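Peer 1: Starting from the known structure of chain R, arrange chain Z on it as the hints suggest.
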Amino acid sequence: MKTDRTKFTKAAAALVLMALPATLVHHAEASSHMDAPLITLDPAANTTDVYAFLTERDGAKYLQVALSVYPHEEPGIGPNKYNFDDNVLYQIFLSLGDDLPAGRDTIAYQFEFKTAYKNDATILQSYLGVVADIDDASQNLTQTYTVTKVTDSGSTVLGTGIVPPNNQGIATPKYNVGDDGTNPARPGVADASALDTYTKQSIANLANGYRSFAPQREDGFYGDVQAVFDLLQLRTGVGNTFDSQGGYNVHTIALEIPVSELGGDQQVVGVYSTTSRRAMRVLSNTADPALTGDWVQVGRQGNPLFAEALVGIKDKDLYNRTKPETDAVNFAQYAEEPELAALINAIVFGGSEVAPTTGRTDLAGIFIPDLIKVDLSTGPARLAGGGSDDSGYSRMSVFGGDVLTSTVQAGLPGFPAGTIPGGWPNGRRFGDDVIDIAVTAVISDLRTDPLVIRSADGIDNLSANDAIYNKVFPYAGTPHNGRNYAHNPVASDSPLINFSARGYVGVGDDVLIGGFIVRGDAPVTVLMRAQGPSLTAFGVEGALQDTVIELYRDGVLIGSNDDWQDSQRADIEASGYAPMDPRESAWIQSLTSGAYTTIVRGKNGSTGVGIVESFLVD
Amino acid sequence: MARSLIALGILLILAREPVAFGHQGHSDGKPLTFASLLEPLGDDVEIRKLQDGIRQSGTNGENLLALGWAFIARARRSQSDHLYSLALLAADSIQDRPANDAPVLFLKGHALHNLHRFAEAETVARELIAVRGAPADHGLLSDALMEQGRIEEAAAACQRFIDGQPGLESYSRAAHLRWLTGDIEGAADLMAAALRAGSPVDPEALAWAATRLSFYSLQLGDAEKAQALAAWALLKQPAYPPALLARGRASLALGKAQESVSDLQQAASVCPLPNYQWWLAEALREVGEDDRAASVELALIRQGSERDPRAVALFLATRGIASRPAVTLATADLENRQDALTHDTLAFALYRAGNLPEAEKRSRAALATGLRDARVFLHAGLIAAKLGHSAEAARHLENAAHMDGTLTPSERRILATALRAAAPPVLPNQLSATAMLETKNTIQ
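Protein chains in written order, with this note's numbering: chain R, 1 to 618; chain Z, 619 to 1062.
These are calculated hints, taken from the structure and not from any lab test. Please read all numbers here as calculations on a predicted model, not as lab measurements. Don't be surprised by glycine CBs; every beta carbon is placed ideally from N, CA and C. Hints are not guaranteed to be accurate.
Estimated spans, in silico, between C-beta atoms of each pair [said to hold, decoys possible]:
#1 Z:E803 x R:T160: 24 to 34 Å
#2 R:A116 x Z:E803: 50 to 60 Å
#3 R:S352 x Z:D670: 31 to 41 Å
#4 Z:N718 x R:I170: 54 to 64 Å
#5 R:A328 x Z:G751: 20 to 30 Å
#6 R:T144 x Z:G839: 29 to 39 Å
#7 Z:G751 x R:V150: 56 to 66 Å
Pulled out of the complex, with its shape left as it was, chain R reads as follows (with noise of 0.2 Å):
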C-alpha cells in the first residue's frame, strides 16, 4: 500500500469533517449521533450506531447484529428512566443476494417492547432494593421483549426476552467490580462464564439457534466530538484527549444470527436498521374505534457516518425515512462526489485536488445503498476486548493491516486474491476507529491499482473507546455505574485505569482484591504494589507485616512477588514508587490490553491491613 499522509494534518482534516453538520437549522443540536434535526427530539428512537461482524462458536459462524439507540445516557441520574419505548418498533434489516445490490429488505428483526411496574404505589421507580437477579422484585420497572423474524413467506416469533436493569450503582452491584455497586463498571471479557450476573441471565436463547439482548450498554463509539464544535480546536499531544461519548451509556439491542438461518456462508449480507413509532389516531370514531395506527420509520442507521458527513442538511431527515432502495436515487450523488473531500483539498491541501472529488465508485461501493457488507465466507472477525488474545486486531481495519480471507469477493487491489478489510467497512465491530477510517476513505484513492492509501489514523487525537468492549456476545460493554463513572476524567486517555484497595488482609480466600485495566493497542509497563509494613509509620494499627502480591488475567496467574527488593530493584526506584519496607512487594511487567486482577496475601498466613496499587511506568 501507498501510504502518504505528509500534507495531511489532523486538525484540518476534522475540520472538514465536521463542518457539515454544524450549520443545522436552527432547532437541531448537532454533534455525533445527532445527525438529522427531526430524530435529535426522539432519543428512544434515535438510532447512534449498527454493529455487524461474524464469529464463530463451537465451529458454526454466527452475524452478530447489534442496535444502539439513546444516546448520551447520563449513567449518574436518578430515576434511572432511559429505557426502550413501548411505542418504538426496533428493526434490523438484512439484504441476501440480489436483494443486497438493490438495497432491498430480505428479512426484519423486529424488537417490540412492553413495560410494566412490580408496584405502581411507590416513587421508588426503576428499583425497590438492591437487584440480587434480573427481574427480581427489587427490579421494579421491568421491560420485556418479543423477537420477530418477517420474511416475504410470514411472521414467525423467535421468542421473547427481558431488558435487564440500567446500571444505578448499589442497587445494581453485580454489574461492577467485585459486585460491589460503589465500583466502576466491570471491563469486558472473553468467557462468556466471566460475564456478571445479569448479562448472563437476561442473555435470551431464541428459537433456530438465534440468541438476542436488550438492554443498557456503555457507548462504545468513540471520538472527540466536542472539539470539532468547539471552534474546531483539535487536541494534539500525548494524553491530551477527549471521548466525547465517554462516560454515557446507550440502550443496544444485540441479535446473534446462525449463518445457516441465512442460507450458509459464500455470501456477502447488507445489515441495517430503523426506529419507527405509532402513527396514532388523533380521534376515534364509531368506525373503527382504534387509537393506533401503522408504524412510520422515524429513524435510520446503517453505516457510520454516512448521514452525519455525506449526505447535506436538506436530506438528512430524508435519510431517516426513507429505505436504503432509495439511496441510489436520493442520496448516491452524496457518496459519488462528496463535498468532504472538497472541502478538504480547499482547506487542507491548499486547493490540489488530492482528495478525489467525482466518480468516486470506491465511496458509493461502500454507502450506496447504505447498508453495512458483511462477507459470511470469511473466518471470523478478530475483535477488541477483553481476554489477552488482540492479536491481528486493529481499529484502523485494513487501513491497520487488518484483513481477511474472502472465498467470493475477489478482495482489493494489490493484495492477494480474496483480500478484504477485517472490520469496517467490511461490517462493523466493537471498537473500529470509524472516524480515523472514514476519513482515510475520503482522502485515498480506493478506485486504482495498487490502491492509493493516505492515512488519516490519529486525526481525532483519540485511539481507544473509554470502555473494554466483551470478545463474547453481547459484545457491547458493560453500562457505565451511574455511581461511579467519569465523562473524560483527567486519566481517560491514560493506558491504565487502576482500581487500588485498601482493606484487611485474611487467611485463604481472604485476600485484599484490587485490579486495574489496561487500554490502548500498544503495550503498557505497569508497577504493582503491595504495601503493609510501612502502614504502620502512618498511624494505621495492625497492619499486615508480610506481603505477597500476584497478579491474574482471566484467572490465570501471570505474575507475583514477595520482597520488591529480591529483583529489578533499580528499576523499582527509578519509577518513583518503591515501597518504604524491604518486606513488601512490588515488580514491574509490560502488559498488553486487557482487565487484570490483583491479590495481596500475608506471607505465611500473617494477616493484617494492606494496600494494593498500580501505576504506570513511563
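Peer 2: What follows is chain Z alone, placed relative to chain R:
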C-alpha cells in the same frame, strides 16, 4: 367589604381607560422596527450571539431565521408575546429569499399563531403546505384551525402530521384535540406517549407536555399526580411559568393554598398574563391576603385586556362585575377565535349581562365538540338553571362537580351554591353524592 372596593376599583379603571380589543402582540408600548431585533434581551446568550452575528456580518435569511426561532424558543420558556412579535418581525425582514420560501413561512406561521392571528396563520400554513407539505406544516395548519373552532378540519390536518412524523410534537397536538372533544383519558394516554418521545435536548417541550398531562390528571381527579407531574416539569425547565401555574393549581385543589401562593407568585411575576394573575389572586384570597389579591386583580384588568381578552372577560364574568365590558371583550375575541372555550366565555359573560337566549346559544356551541371541562359545565349549568331547565342544569353541575379540581376556589363556591339550589331536598341521613361533594367544596 374588600370585594366591593375591588369591584369599584375595576369599574373605575374600565371607565377611565379604554379597553384594547384583540391580541395585537405586546411590544412594551413601542412600535417595532428592525432595530428592535437587535435590542438586548437580558442574559440570553444565544440571542445575543445571533444579534452580534447580524451586526457583524449583516442580515440574511439564514441568520434572521435563526434569530426568529431563538425568539420563539425564549417566548415558549417565558410566555412573552413580545418575543413572538419579534419573531414575526424577523420573518418579515428577510429580503434575500422569495416570499414563499418554506422556512420563512414556517417561522411566520408559528409567530402569527402564537400572536393569536389565527386566520393569517391558517393562510400561511396553507401556502406552506402547497410549497413544501412537510408533516409539521400540517401541524401548523391544525393549530390554526383548532383555535378557530374547526375541529374536524384540525383533526384531519393533525392526522397528516402524526402519520408523517409521529413524535412529541404531533402526539401533543393530537392529545389536545382529543381533550377538546371530551376524550380526556385518550388525551392523557397520548400526552404520556408524547412525553416518552421527548428529549432532554428540548426540555421546554418535555416540560410543556408534562404540564398538560398535569392538567389532564387534575381533571381526572388525581391532584397528587398533577402536582408530581408539574414538579417533574419544573425539574426539566426550572421556573417554567406553565408548570408553576399547574403546580399551584394542583396545590389549591389539594387545599394547600399557602403552598400554592409561592408558585403562583413566581409564575405571575415571570408571566404577567391574566390567567396567571387570576390564579394568584385566588390563592392570595384563600390565605387571607385580600389586599394583595386586589392589587393583582387590578393589574389583571389594567393590563390584561390587550394580552388575553378572553381571560379578562371570564374573570369579570366570574366576579359578576363589568358585565358589558366582559361581553365586549369576549365578542371581540370570538371574531378571532371561534373555539369552544371562547364560546363558553362569551356565554358566561352574556349570562351575567342578562342575555339568556344568546348565552344559551353560545353555551351549546361550547359543548358541541363534546368538551368535558368543569368550567364549561359550570357555566352551562348556571345558564340552564336560570332558564328553568332544571334537569339539564343538574346534569351540567354534577359534571362540573366531578372534575372540580380544575376550578378556582371562587368558581367552586359558585358551583357549591348552584348545586345547593339545584339539589332536591334530602333527609340528613340520605345525603346524595352531589350534596356530599357540595359539602366538600364548602369545606375547601
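Peer 1: Go ahead and decide if the range 24 to 34 Å is satisfied by the Cβ distance of Z:E803 to R:T160.
Peer 2: holds (29 Å)
Peer 1: I want to verify a distance hint. Is the separation of the beta carbons of R:A328 and Z:G751 within 20 to 30 Å?
Peer 2: holds (24 Å)
Peer 1: May I ask you to test the hint 50 to 60 Å on the CB atoms belonging to R:A116 and Z:E803?
Peer 2: Distance hint for R:A116, Z:E803 is violated at roughly 19 Å.
Peer 1: Starting from the range 31 to 41 Å, see whether the pair R:S352 and Z:D670 falls in it by beta-carbon distance.
Peer 2: holds (36 Å)
Peer 1: Using the beta carbons of Z:N718 and R:I170, state whether their distance is inside 54 to 64 Å or not.
Peer 2: Given a distance of about 59 Å, which is inside 54 to 64 Å, the answer is holds.
Peer 1: Just tell me: holds or violated, for the beta carbon distance of R:T144 and Z:G839 against 29 to 39 Å?
Peer 2: holds (31 Å)
Peer 1: Is it true that the C-beta distance of Z:G751 to R:V150 lies inside 56 to 66 Å, as the hint says?
Peer 2: violated (31 Å)
Consistency note: the structure conflicts with the earlier hints numbered 2 and 7.
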